[in-house]
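With the sequences and hints as input, model every part of the structure.
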Amino acid sequence: MGQLCGRCMQLLRSFVAFVQKMSSELVHSVKECLALISECSCLKQNASKTRQLYKPMLQPHERVTAQEFLQQIERGFEMSPLGKDPLEALRILAFSENPGLQQSAALYYLHMSQHMNVPLPAEHLEPFYALLRSADLEVQQMSSLSLVNFLLEGNIDKEMVIQMGLLEPILDLLESEDPTVQCNSCACTMTLAVSESNREAIAAARGVTPLLSLANSYDPRVQQNAVGAILNLTQSERIQLVLCKEGALPVLTLLLESPDSEVQYYSCAALSNIAANTQHHEAMLRIGDRFLLRMLISLLSSSVDKVSSQACVCLRNLATRDTQAELVAKDVLPRLCSLLVSSSEDACRAAVALLWVLSQHPHNQDALVCTELLQSLGMLLSVHTTDPVIAGHAACIIKNLNLSKNRQRIIESPCVEGLLQTMLSIDIEENSLHYVTSCLAELAKQEGGTLCMVKWMNEPLTKRLVRLAGQREHTETSFQAASIIQHMIDHEKMMLLLKCHIIEIQAYLRNFLTHQEVRFQQLAISTFCRLQADPEFSLAFRKNQMAKLLEQVRQQTEETQELLRAAICHADS
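Under my numbering, the first residue of the sequence shown is numbered 152, with each subsequent residue one higher.
Hints should not be assumed to be uniformly reliable.
As the list claims (entries may be wrong) - Each computed DSS-like pair below joins lysine-lysine, with the alpha-carbon atoms no more than 30 Å apart:
{"id": "1", "residue 1": "Lys694", "residue 2": "Lys650"}
{"id": "2", "residue 1": "Lys614", "residue 2": "Lys694"}
{"id": "3", "residue 1": "Lys596", "residue 2": "Lys644"}
These are computed hints drawn from the structure, not numbers from a lab.
Spelled out as structure tokens, the structure:
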């Protein structure tokens with residue numbers, strides 16, 4: 152065989168160098184590929200298959216531990232079941248590669264979780280790491296269920312679960328193919344996600360994506376717990392951004408159509424939390440050409456009270472200036488009227504709060520002043536006379552609608568009577584009492600409103616008004632109550648009722664006359680002039696030297712006017 156020429160030798164060397172280079176790059180690519188595959192959770196999930204290739208040997212110390220553990224169980228643990236010896240035995244059994252021993256440890260923890268009413272020491276969480284990582288399905292099911300039980304009963308510190316490193320195996324179990332394990336791991340995640348630090352940890356460990364995937368599960372238990380976990384995560388504004396980025400909005404919106412009322416409630420509540428942040432509104436309304444609004448309006452008619460209530464809350468959070476008129480145009484009022492007379496107090500509260508937001512838009516006010524709505528508001532006030540939330544919102548709605556063209560319809564409705572009864576019942580410390588008295592004072596400015604109030608006035612209502620006018624802790628409520636009285640003085644029935652409270656009326660008039668604000672002084676003087684026309688009040692005022700106090704106010708006023716004239720002249724010069 153002849154020798155290769157120089158040219159062929161060079162070609163051969165180039166080919167060898169090329170092969171070596173390609174081999175090096177191929178090996179590097181293979182290593183990278185294997186590294187990425189090894190990090191994926193699917194290998195952890197399928198580890199059981201590789202472990203089934205051999206039968207784990209029972210180590211001598213494991214055999215002894217198992218025998219002693221069984222003896223202790225038979226004796227009922229004469230010592231504490233949380234003592235040092237049981238813990239050491241549980242550690243050995245949990246970290247064994249023998250499924251039978253792991254099942255014993257998992258079963259014991261499950262028994263404890265169902266019967267123990269004392270906190271589980273932190274050191275007892277250590278075996279859970281091995282049990283949750285077990286390749287045996289029964290061990291996964293029992294250990295995850297016992298952890299759920301401990302968490303729900305409050306026997307484990309939730310932050311400690313994260314600190315002990317159990318979050319990673321819990322989240323890995325979300326990708327199990329077994330519905331029971333999925334259900335339990337979702338429940339663990341939902342229970343853990345009640346604190347800000349835990350929510351941050353779950354998001355950092357990439358727990359959002361598998362939860363969104365399980366929210367579409369066909370197993371109702373898994374779906375409920377997954378959506379419940381997402382709901383708890385939405386309580387963090389930062390994690391709301393993560394959820395929206397991962398595609399949570401379409402998932403939650405479609406779940407509103409679920410036949411399961413729990414899933415509807417959880418998804419609606421999660422959307423309510425997200426809607427509380429206006430930066431998400433555009434993305435929420437963009438889904439299916441405002442499909443979310445249509446679904447929420449339909450849920451107002453849900454037979455499940457908490458679902459209809461939560462739909463109100465979500466719509467209220469979405470009802471910015473741009474969507475308020477749109478909601479009324481979509482015929483939302485009949486549904487809200489039905490909720491106002493619901494037997495559920497939560498539904499009533501949610502409905503009246505949404506109506507309050509809608510009443511703030513000028514274009515909605517004509518549509519809202521309908522007989523059905525005013526009747527429903529009146530009934531609501533008469534039934535829930537002591538509820539400050541309902542009273543405050545209802546009063547604000549009526550005040551918003553109290554335009555000149557609508558006033559007569561309001562006066563003819565049961566709203567005035569409802570407001571008066573509410574004023575009689577609500578505690579003085581409640582802010583809503585201010586809204587009620589303010590609304591009544593506004594209605595009393597018109598003769599029709601005054602006549603309507605006088606018709607319903609009686610001794611308890613008169614006494615309440617006089618006392619509200621006389622108290623000094625809440626000055627605005629005091630002013631509004633005195634204003635209502637002043638507008639009704641000219642009516643004979645009211646004058647007769649007020650004569651039983653001459654001393655209290657003189658007291659608040661004296662207080663008003665010495666008040667720093669001019670409006671209080673003016674209201675007191677106007678009231679004094681009207682009451683003085685009555686002989687009994689006139690005599691009482693003379694005995695109490697009210698004229699002397701008025702003279703002092705007049706002198707102070709004249710002095711103030713002189714000072715003002717001097718100041719103006721000085722400024723002009």
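Worksheet item: For this structure, which hints from the list above don't hold up?
Response: Per hint list: zero violations.
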